[in-house]
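Fit chain B to the given chain F structure using the hints.
The chain contents come next:
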Amino acid sequence: MDLVERYLNAIRFWLPKDQKSDVIAELSEDIRQQVEDREHELGRKIEEEDLAALLKQRGSPFVVAGRFLPRRHLIGPQLYPIYEFVLKLTAGIYLIPWFLIWAGLMIFVPSYRAAHSGAAMFQALGHLWTMALSLFAMITFGFALGERFQHQSAARGDWNPRRLPAVRNVLRVSRGSSLVDIIANLFFLVWWLGGFSFPIVLSAGGALSPSTLWLDFHSRYFVPIGVFIAAGTVLALISLVRPNLTPLRVGTRAVIDAATPVIIFITLGAHEAEIRAAWSALKHGAEGAVRLAGIRDWSLALTLGIIAGACLLSCVRGVIRIVRWQALQSSHHMNGVV
Amino acid sequence: MTNDQFENIRLELRRGCVPLAVLAELRSERYGYTLRKALAEKGMAVDEGTLYPLLRRLETQGLLASEWREEDKRPKRFYRLSSEGRRILGLLTAEWGTLTASLNTILKESNHGSR
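The listed protein sequences derive, respectively, from chains F and B. Take 117 as the starting number for the first sequence in my numbering and just add one per residue. Take 1292 as the starting number for the second sequence in my numbering and just add one per residue.
Pulled out of the complex, with its shape left as it was, chain F reads as follows (with noise of 0.2 Å):
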């Protein structure tokens, strides 16, 4: 019967103190009683090899102990889908386009690649990497405290029918967006061909000329840049007419969305010492002129990695509506059915 103790032995190590001698004396009378009823179902005493299957046949030990333990769940079913929505959005909003900034900056940035070669490149990816695990402790403890205390309120059914949010549906532009849209491209355009400008006035009496990093960006990329305010100008157009997307307007927006960061890449690229230098002098205080010179080329260099995320995470949303175009279709017929 060495078997059986050493079985009993592996329970009782999983159970709650104050119920191991109890569970394990009531178990160990079971297989007793069982062991009984085997032996004189054989008409001989049992052997090794059929005590380890009738054991086999109980569960292992561990399950076996886990039945008495209370169910016991971090996240549970409730929360989880919740859950799963927050994960899967801190990976769209911030994992996926700090790894698509860098990677092009791996691609553009001829001065990033050469100081992020070899180990640096995993040093890198190490960095993404812990934040990731990071954000995912986060807020797995987050909701860990949630279920703890508060999850017990949707449960209760204190929950009013008439909060619910609308349906939204991807595939089709409200008018009032595209018209703001519209207007906003306008704007943008008629500034970046020149018809008006924006005087920064950063001190009493003193103007700041423009920075060396716009000049460029804005000589070399007029055309490019024109061309796709213009093009967005008459894509909002067109949705303010026919307000359900297709594919190809969908597609053409990615395009564009895709192929502006590139350019902002390049751009901050070739200005790397430019841009450096303005966050020396930031750093290491520099006052007046070169204070505000650092501000001003730190600042437009900011507005413009921003520019180009925002591009990056719109470009993703439009990629992902193509994909997924005719699942989001039928569900949208579905809820127009229902």
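No lab work stands behind these hints: they were computed from the structure. Among the hints, erroneous ones may be present.
[Claimed, not checked] Within a straight-line C-alpha distance of at most 25 Å, the following computed SDA-like cross-link-like pairs (lysine to any residue) qualify:
1. K1367/B - P177/F
2. K1364/B - R148/F
3. K1333/B - P177/F
4. K1367/B - I162/F
5. K1367/B - D153/F
6. K1364/B - K172/F
7. K1328/B - R284/F
8. K172/F - R1306/B
9. K1328/B - A169/F
10. K1328/B - G159/F
11. K1328/B - L119/F
12. K1367/B - R174/F
13. K1367/B - Q173/F
14. K1364/B - Q149/F
15. K1328/B - W1387/B
16. K1333/B - L119/F
17. K136/F - L1345/B
18. K172/F - L1390/B
Since the model is a prediction, treat every value here as computed from it, not as a measurement.
Frame of chain F; chain B shown alone:
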């Protein structure tokens, strides 16, 4: 439907009935092993990994009472229905009657429909 799918649904169906069968069987006092055998003989085989945790849960809920006693010079834990358990068993039995009647009606209707 594959055999696995059938088996999963079958187990799910039976799992819901086990507490009622256990409560009904414990109208007379029994210890774990004899309870398991009695249930198996009546066509409701329950493995020990399910039965013993269930007995504990029902006892914690106040539906069963238990005590350790010696029988054949061996300590055994005897279970019996508490007064609250008896009341709940009555309610569950009525509920079971309603449920089976409803299901029979539904199954008859669907049998007619499929013909």
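**Report entry** Unsatisfied constraints (hint numbers, rising)
**Finding:** 3, 6, 7, 16 and 18
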